[in-house]
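Asks: Sequence:
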Amino acid sequence: MIKLINIKKSINNRCLLNDVSLEIGKGEFVIITGPSGEGKTTLLNVIGLLDCDYTGSLFFNGTELSPEMRNDYFEIRKKIGYVFQDALINDNQTVCRNLTLPSLAVPVHDINERVSFLLKKTGLSGFEHQKGIVLSGGEKQRLSVARAVFHSPLVVLADEPTASLDHDNKRKVIDFLESINREYRVTVIVVTHDLDYFMDKRRITLKNGMLYEG
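What the sequence shown shows, in our numbering, is residues 1 to 214, in sequence order.
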């Protein structure tokens with residue numbers, strides 16, 4: 001599904017990714033951890049085609065994504081769901097509107113059914129017409145996770161999705177990510193420090209620009 005070969009990435013003369021190679025198969029659930037400031041978000045952005053300023057080779061779903069293909073990256077990004085550290089919920093829009101922002105990739109007749117399904121799965125049923133501003137931090141993050149899978153992506157990339165959440169909201173976010181991984185074989189890659197919640201998952205550690213299994 002995803003393959004990185006000898007990826008190098010530097011920022012301000014500091015090497016964050018040093019000849020990084022990694023392979024993640026379809027349907028895997030992978031945790032990326034490591035000390036703060038080591039480049040975990042940078043690695044996630046490279047995988048998600050949000051940062052294209054690197055050297056090395058990146059393969060997505062069997063296709064090498066060369067610099068010449070960058071005009072096609074928009075279409076490829078439609079196959080990826082993103083969960084950012086900040087939930088990025090528009091306080092002035094309804095929950096339904098926030099959720100359906102990626103709806104260009106969803107058939108019109110499926111939208112209402114998908115809204116109902118995802119809000120139920122994330123414990124937000126009944127919030128459809130509430131404005132984003134009334135949601136708690138945990139509710140906003142759960143909505144952002146639902147939004148990431150609204151367009152049925154092949155891969156979900158989540159950057160610290162449980163940071164700053166209480167235990168109950170951490171558990172709800174993780175349970176949802178696990179359910180889409182288990183039921184739909186969506187590949188899930190999570191950057192996190194909450195390792196106690198992911199003890200049974202494949203773990204990759206990024207430190208000093210290098211990747212280590214475990």
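Hint data in this document are derived by calculation from the structure and do not stem from the laboratory. Among the hints, a few may not be true.
Calculated pairs, DSS-like style, for lysine-lysine (alpha carbon to alpha carbon, straight line, at most 30 Å) [to be verified]:
#, residue 1, residue 2
1, K79, K131
2, K170, K79
3, K207, K120
4, K201, K170
5, K79, K121
Asks: Compare the structure with the hints numbered earlier in the document and write down the numbers of the violated ones, lowest to highest.
Replies: Number 3 only.
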